[in-house]
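Chemist: The chain contents come next:
Number of protein chains: 2
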Amino acid sequence: MQRALKTSRAANFSAWYQEVVREADLAENSAVRGCMVIRPWGYGIWELIQQGLDRRFKETGHENCYFPLFIPLSFIAKEAEHVEGFAKEMAVVTHHRLKKINGELVPDPDAELTEPLIVRPTSETIIGDSFRNWVSSYRDLPILINQWANVVRWEMRTRLFLRTAEFLWQEGHTAHVDRDDAFAETMRMVEVYREFVETVMAMPVVVGEKTANERFPGADNTYSIEAMMQDGKALQAGTSHYLGTHFAEAQNIKFQAADGTEKHAHTTSWGVSTRLIGGLIMTHGDDDGLRLPPALAPKQIIIVPRLRNEPADADLLKYCNELQAELRKQTTLGAPIRVSIDTKDKNASQKRWDLVRRGVPLIVEIGGREASGGQVSYLRRDKLYNGEKAQSTVLTKDEFVAQVGGILDAMQNGMLLEARERMASRITDSVKGWDELKAHFGASVGDDEDGPSTDNPGWVRASWCRPDGDEMVKIEAQLAQLKITIRNAPLTQPKTFKPCIFTGKPGVEEILIARSY
Amino acid sequence: MQRALKTSRAANFSAWYQEVVREADLAENSAVRGCMVIRPWGYGIWELIQQGLDRRFKETGHENCYFPLFIPLSFIAKEAEHVEGFAKEMAVVTHHRLKKINGELVPDPDAELTEPLIVRPTSETIIGDSFRNWVSSYRDLPILINQWANVVRWEMRTRLFLRTAEFLWQEGHTAHVDRDDAFAETMRMVEVYREFVETVMAMPVVVGEKTANERFPGADNTYSIEAMMQDGKALQAGTSHYLGTHFAEAQNIKFQAADGTEKHAHTTSWGVSTRLIGGLIMTHGDDDGLRLPPALAPKQIIIVPRLRNEPADADLLKYCNELQAELRKQTTLGAPIRVSIDTKDKNASQKRWDLVRRGVPLIVEIGGREASGGQVSYLRRDKLYNGEKAQSTVLTKDEFVAQVGGILDAMQNGMLLEARERMASRITDSVKGWDELKAHFGASVGDDEDGPSTDNPGWVRASWCRPDGDEMVKIEAQLAQLKITIRNAPLTQPKTFKPCIFTGKPGVEEILIARSY
Numbered sequence: 001m002q003r004a005l006k007t008s009r010a011a012n013f014s015a016w017y018q019e020v021v022r023e024a025d026l027a028e029n030s031a032v033r034g035c036m037v038i039r040p041w042g043y044g045i046w047e048l049i050q051q052g053l054d055r056r057f058k059e060t061g062h063e064n065c066y067f068p069l070f071i072p073l074s075f076i077a078k079e080a081e082h083v084e085g086f087a088k089e090m091a092v093v094t095h096h097r098l099k100k101i102n103g104e105l106v107p108d109p110d111a112e113l114t115e116p117l118i119v120r121p122t123s124e125t126i127i128g129d130s131f132r133n134w135v136s137s138y139r140d141l142p143i144l145i146n147q148w149a150n151v152v153r154w155e156m157r158t159r160l161f162l163r164t165a166e167f168l169w170q171e172g173h174t175a176h177v178d179r180d181d182a183f184a185e186t187m188r189m190v191e192v193y194r195e196f197v198e199t200v201m202a203m204p205v206v207v208g209e210k211t212a213n214e215r216f217p218g219a220d221n222t223y224s225i226e227a228m229m230q231d232g233k234a235l236q237a238g239t240s241h242y243l244g245t246h247f248a249e250a251q252n253i254k255f256q257a258a259d260g261t262e263k264h265a266h267t268t269s270w271g272v273s274t275r276l277i278g279g280l281i282m283t284h285g286d287d288d289g290l291r292l293p294p295a296l297a298p299k300q301i302i303i304v305p306r307l308r309n310e311p312a313d314a315d316l317l318k319y320c321n322e323l324q325a326e327l328r329k330q331t332t333l334g335a336p337i338r339v340s341i342d343t344k345d346k347n348a349s350q351k352r353w354d355l356v357r358r359g360v361p362l363i364v365e366i367g368g369r370e371a372s373g374g375q376v377s378y379l380r381r382d383k384l385y386n387g388e389k390a391q392s393t394v395l396t397k398d399e400f401v402a403q404v405g406g407i408l409d410a411m412q413n414g415m416l417l418e419a420r421e422r423m424a425s426r427i428t429d430s431v432k433g434w435d436e437l438k439a440h441f442g443a444s445v446g447d448d449e450d451g452p453s454t455d456n457p458g459w460v461r462a463s464w465c466r467p468d469g470d471e472m473v474k475i476e477a478q479l480a481q482l483k484i485t486i487r488n489a490p491l492t493q494p495k496t497f498k499p500c501i502f503t504g505k506p507g508v509e510e511i512l513i514a515r516s517y
Numbered sequence: 001m002q003r004a005l006k007t008s009r010a011a012n013f014s015a016w017y018q019e020v021v022r023e024a025d026l027a028e029n030s031a032v033r034g035c036m037v038i039r040p041w042g043y044g045i046w047e048l049i050q051q052g053l054d055r056r057f058k059e060t061g062h063e064n065c066y067f068p069l070f071i072p073l074s075f076i077a078k079e080a081e082h083v084e085g086f087a088k089e090m091a092v093v094t095h096h097r098l099k100k101i102n103g104e105l106v107p108d109p110d111a112e113l114t115e116p117l118i119v120r121p122t123s124e125t126i127i128g129d130s131f132r133n134w135v136s137s138y139r140d141l142p143i144l145i146n147q148w149a150n151v152v153r154w155e156m157r158t159r160l161f162l163r164t165a166e167f168l169w170q171e172g173h174t175a176h177v178d179r180d181d182a183f184a185e186t187m188r189m190v191e192v193y194r195e196f197v198e199t200v201m202a203m204p205v206v207v208g209e210k211t212a213n214e215r216f217p218g219a220d221n222t223y224s225i226e227a228m229m230q231d232g233k234a235l236q237a238g239t240s241h242y243l244g245t246h247f248a249e250a251q252n253i254k255f256q257a258a259d260g261t262e263k264h265a266h267t268t269s270w271g272v273s274t275r276l277i278g279g280l281i282m283t284h285g286d287d288d289g290l291r292l293p294p295a296l297a298p299k300q301i302i303i304v305p306r307l308r309n310e311p312a313d314a315d316l317l318k319y320c321n322e323l324q325a326e327l328r329k330q331t332t333l334g335a336p337i338r339v340s341i342d343t344k345d346k347n348a349s350q351k352r353w354d355l356v357r358r359g360v361p362l363i364v365e366i367g368g369r370e371a372s373g374g375q376v377s378y379l380r381r382d383k384l385y386n387g388e389k390a391q392s393t394v395l396t397k398d399e400f401v402a403q404v405g406g407i408l409d410a411m412q413n414g415m416l417l418e419a420r421e422r423m424a425s426r427i428t429d430s431v432k433g434w435d436e437l438k439a440h441f442g443a444s445v446g447d448d449e450d451g452p453s454t455d456n457p458g459w460v461r462a463s464w465c466r467p468d469g470d471e472m473v474k475i476e477a478q479l480a481q482l483k484i485t486i487r488n489a490p491l492t493q494p495k496t497f498k499p500c501i502f503t504g505k506p507g508v509e510e511i512l513i514a515r516s517y
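The listed protein sequences correspond, in order, to chains A and B.
Numbered by the numbering used here, the letters in the first sequence go through residues 1 to 517 in order.
Numbered by the numbering used here, the letters in the second sequence go through residues 1 to 517 in order.
Read the hints as simulated data drawn from the structure, not as lab findings.
Each hint should be verified, as a subset may be incorrect.
For chains that are exact copies, the list does not tell them apart, and a pair is met inside one copy or across any two.
Said to hold, decoys possible - Only pairs whose alpha carbons sit at most 20 angstroms apart, straight line, appear in this in silico DMTMM-like list of lysine to aspartate or glutamate:
| hint | residue 1 | residue 2 |
| --- | --- | --- |
| 1 | K438 | D409 |
| 2 | K100 | E115 |
| 3 | K344 | E59 |
| 4 | K6 | E476 |
| 5 | K346 | D409 |
| 6 | K438 | D342 |
| 7 | K100 | E81 |
| 8 | K58 | E23 |
| 9 | K58 | E47 |
| 10 | K99 | E112 |
| 11 | K432 | D140 |
| 12 | K78 | E191 |
| 13 | K383 | D259 |
| 14 | K351 | E365 |
| 15 | K344 | E249 |
| 16 | K99 | E155 |
| 17 | K58 | D140 |
| 18 | K88 | D108 |
| 19 | K78 | D108 |
| 20 | K6 | D25 |
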C-alpha cells in the first residue's frame, strides 16, 4: 500500500516527526543555528492557536501589551533562583554597531555597550519593572496583561517546534493584592489552556502541579498540562506559575492596601509556545503525514479540480467556485468554513498526496463526472489513519453542503476521543517500587538524550510520600538514570493512596512518571 | 476653559506629542535605552492596524510566515548597498551564555560565537536565503509572504513610536518571474497602504516615488506614502520597494524559466510599523489628547455609570448593561460596535477626562436621570476639537441605538475630511528658486535635529529637472542646511512643468519638499 511518507512511526518515531515537519510544509531549519523558519502552513496553524487563545485571554479580562526584547543583565541578576535557571542559555548583545576593519565587517570595538543586554528568555523581570511604576494602590490591582512575542533560549540540541533557540509564545503576567487572588488566576489560566488544547487541538492533557525541582525558577507553584505523544512520551504543553511575592520583592512592586499598610503584590505568569505544534504533530500525525483537527486547520476543505488543459476546464472551475461559495456560507465549530480551491499547475494525484501530508481534513476532488452530475467526491483525512486504504465518498452537492458542518464536527470529536483512549490505555497504575519501575522503563533507555523515540511503555501513575531533601536528591538521580521524570501531581486525586513507589512509606499523593520531550 | 493636557500643540508640539503618548496610556520608555513599552490602549490600536492590514494582505494573495530574529553577519555583508545602509545601527549578539566571574555576572568568555549574529534590522537577507531553497522553477513563483515581527535599529535619539531602537512592524517579501510582475506587486502594496491608512486611520497621504538618495539600501525603486502632521512636517508612513535582481543575485535566487533558461528572480519588499501610531497622534490629536477615528478605536463607546455607592447603583448598572447589549448588536464601519462599561472605582468626572485623553470616540454618561428616563447622554470626542466646550447630547435610548452606527461613520469621514483639508491648505506650489525656498523654510530652522516642532510652513510642491551626480550632491547639502528633504515625486503629475526649483532648467517632474520626522 502506498504511504505518503518514507518513514513510519513504528520504524523511527523521531525521524518520522522530522519528515512530517518537512513534508507537511510546517517549518524548516534556518542558516542560524537552532532557529527555525515557520512556513505558511505551519504559521497558519499558529495563527489559529493565537486567535483561539487570545479570545479566551480577553474573555478572562486580560489585555495585550508589548515589552522590550532586550533585558538589562542586572535585571536578570535580581532574582536569585531566576538567574540560576536562565543565565546559562541566553543570547547576549554586547555591541551596537559593525565596522569594517582590514576589509572585514566586525563588531565595532568603539561601540561596546556599558551593560550587556540579554535577548529575553522570558519577561518577568522587564515586565515587573513596569508593574512597579503602574502600581501604587490596591485600586490599581489586579493588573492582567499578556504579550505575544519571540523569546530566545540557547539550546544545544534543537528540534523544530519542540526545542529551538528562538520560539514564539505568549506570556501572561499578572499582579494581585493577595495570594488568594493570584492563586485563583494561576488556576484559571491552566484551565484555559486545558480547555483550549482539548477543545480546539483535540489533544487530551492531564492538569497537575509540578514537583519542587521541576518548578519555574522563582515560582512557589507551577501547574502544567501534560499531553501524551504517540510514542508514549509526555510533552509539557503549557505552564501557569504562582510566583508568590518573590519577583515583587526583587523588583519592589508595592502598593498601599485598603487598610493603609504597604504590601508586596503577588504575581503570576503563564505561557504556551509554538511547541504546541510539535504536540499536535505527535498526537495526530500518522504514516501519511499530519492530520489536523478541523478547528485548527488553516483550510478545512481544499477543492481540487481535475484540470486537463482543455475548454471543459472552464465549466469545472465554475462548478468549483459555486461549491466554494456555498461552503463559505456554512458554519462549523463556531466559525465559517475555511475552504479554498487548488488551481496550481500540478497533477491531481500529486496534489492529493500534498494535501494528505499537510493534514487537510477534507480533500474534495472534482472531475468532469462530478461537475456534470452535480456531485462531490471527498476524502476524509482522519479515515486514512491506521493503514486503511484512502476511500472517497460521493454525495450530491446539496447533500455535501448540508452535511459538511456535521462531518467536520464529528472529525474534531473523533480525533479527541481517539487520543483520549490512547492516553488512557497507556497509563498504568500497577507498577510497584523501584524494581518494577525499572523493568517498566528500563528496557528502552536507548541513546537519545530524551530517551528512545519508539517503544516507550507510556506513563506510570503512582502514589508517593512527597520526599524531600537528600532523599529526594537520590530519587531524582535514580529517575535520571532511567531517563524519566515526574511530570506532575494531577489535580484529580483519589481519596486513599498506595505506599510510596520510591520509599514504601505511606503515600500522600499520586504523581505521573514518564519519559518526556 | 479646562483642557485635558498641560501642553498645547501651539506652545510646543514636541512636548505635546510626548504628553499625549503618556497621558493617553499609549506607551512609555523602558529601562532599556531606546526601547518602548506599548501599553494596553496603544497595543489595542496596533492590533486593529494589524487586523486591517492582515486581511488586506491575505485578500491580495499573501501568506504569513516567521523567519529567525538573528541574521548571520555574513548575510548582511552580501549585498553591498544594504550593508552600507544598515551596518551602522545594529544590535550584535556575540555570546550565548553568562557566567559569574568574581561574583559578577558577565558574558562567558568561553561562550563567544564563532560568527556574531545581528538582531534583524530588516529581513531581506535571511528570507532570501529561504527563497533560494523554495524556488527552482517558474512554477514556484510568485512567492508572496509577509511576517509580523520586531526589528532593531540602534538609534541614538529616540522618540516613542516615531523612532525607537526596537519597533514592531510587518515586512512583506515577494519573488517574481520578471520585472513586470514584481513592479506590479510593488505598486499594489503601496496602494494597499494608502487605502488602509486613509480609510481606517483617516490619515490622508501622498503616494509617490522616493528620489535616488532616499531609496531603501539595495532597491531599484522605493515608493512611499507621506502624511502631513499638524506641525506641517511630513511623516513617511509606509514604503514599498522594487528590489530588481540585486538581492536575488547576492543570494543566488534562481529559477528555470518557461523557456528553459535560468534566471534570477525579481524581488520586492514593503513594510509599515508602529510608527503609524505616531502619525495617528500627530494627525488627529488635539489639546485634550488623542482623538481616535472610530475604525481604529479599541473601544468606540465607553459607558460611564455615575455610581454613588448606594442601592440605586444596581438599577444604573442594569440599565448600562442593557444599553451595552443593544449596542453590541449594532454594526458600524463593517464590524460590530466595540463598547464597554467603565466601573472602575473613580469619580465620573475623572473618568470622563481619562477617556477624553485616550480619544474614545463616544463617551456615554448614565446617571439616575438617564436611567429612569430611558435616555442616553453622550459626548462626541471629535467635537471637543478646536477649543469648543465639551457639550453632551441627550437622546432616548432607542434613538441613540438606532443612530449610533451613523454617528460613528460620520465621525470617521469627518476626521478624514478635516485632515485632508488641512493638508491641502498647507501645500504650496508658488515657491520659486532657492531664495524663495530658503525664505519659506528658513525662518524656522530651530535647534531640533528634525527641525523645529512648531511653526513649520507645510510642504512645497515644485518642479525639478531630476539632477544627478555632483549637481545633486550640492543640492542635497543645501537642503540639509534648511533641514528639509525631498519627500517623494507624487504618482499624480501634471502635464506640463515649471522650471526646476533648484537649477532653473526645464522641469520634468513635480516633487514634494518638506521637513520630516
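Chemist: Treating 20 angstroms as the Cα threshold, decide for K438 and D409: within, between, both or neither.
Modeler: Neither way: K438 and D409 sit 42 angstroms apart in one copy and 70 angstroms across, limit 20 angstroms.
Chemist: One pair to classify: K6 and D25, alpha carbons no more than 20 angstroms apart. Within, between, both, or neither?
Modeler: Close inside one copy (15 angstroms), not across copies (55 angstroms); limit 20 angstroms.
Chemist: Between copies, within a copy, both or neither: which fits K344 and E59 at Cα up to 20 angstroms?
Modeler: Answer is between; shortest inter-copy Cα gap is 18 angstroms, intra-copy 40 angstroms.
Chemist: Should K383 paired with D259 be assigned to within, between, both, or neither, using CA atoms and 20 angstroms as the limit?
Modeler: Neither way: K383 and D259 sit 63 angstroms apart in one copy and 42 angstroms across, limit 20 angstroms.
Chemist: Pop the pair K351 and E365 into one bin, within, between, both or neither, using alpha-carbon distances up to 20 angstroms.
Modeler: within (10 angstroms within a copy, 59 angstroms between copies)
Chemist: How would you classify K58 and E23 at a CA-CA limit of 20 angstroms: within, between, both, or neither?
Modeler: neither (35 angstroms within a copy, 24 angstroms between copies)
Chemist: Can you give me the call for K88 and D108, within, between, both or neither, at a CA distance of at most 20 angstroms?
Modeler: between (26 angstroms within a copy, 9 angstroms between copies)
Chemist: When no copy is named, should K58 and E47 be tagged within, between, both, or neither for a Cα gap of at most 20 angstroms?
Modeler: Close inside one copy (16 angstroms) and across copies (13 angstroms); limit 20 angstroms.
Chemist: Taking 20 angstroms as the upper bound on the Cα-Cα distance, should K58 and D140 be classified as within, between, both, or neither?
Modeler: within (18 angstroms within a copy, 40 angstroms between copies)
Chemist: State whether the alpha carbon distance between K78 and D108 is at most 20 angstroms within one copy, between copies, both, or neither.
Modeler: between (30 angstroms within a copy, 18 angstroms between copies)
Chemist: When no copy is named, should K100 and E81 be tagged within, between, both, or neither for a Cα gap of at most 20 angstroms?
Modeler: between (41 angstroms within a copy, 14 angstroms between copies)
Chemist: Using 20 angstroms as the alpha-carbon threshold, which applies to K438 and D342: within, between, both, or neither?
Modeler: neither (52 angstroms within a copy, 59 angstroms between copies)
Checked against the numbered hints given earlier, this structure breaks hints 1, 4, 5, 6, 8, 11, 12, 13, 15; the rest are met.
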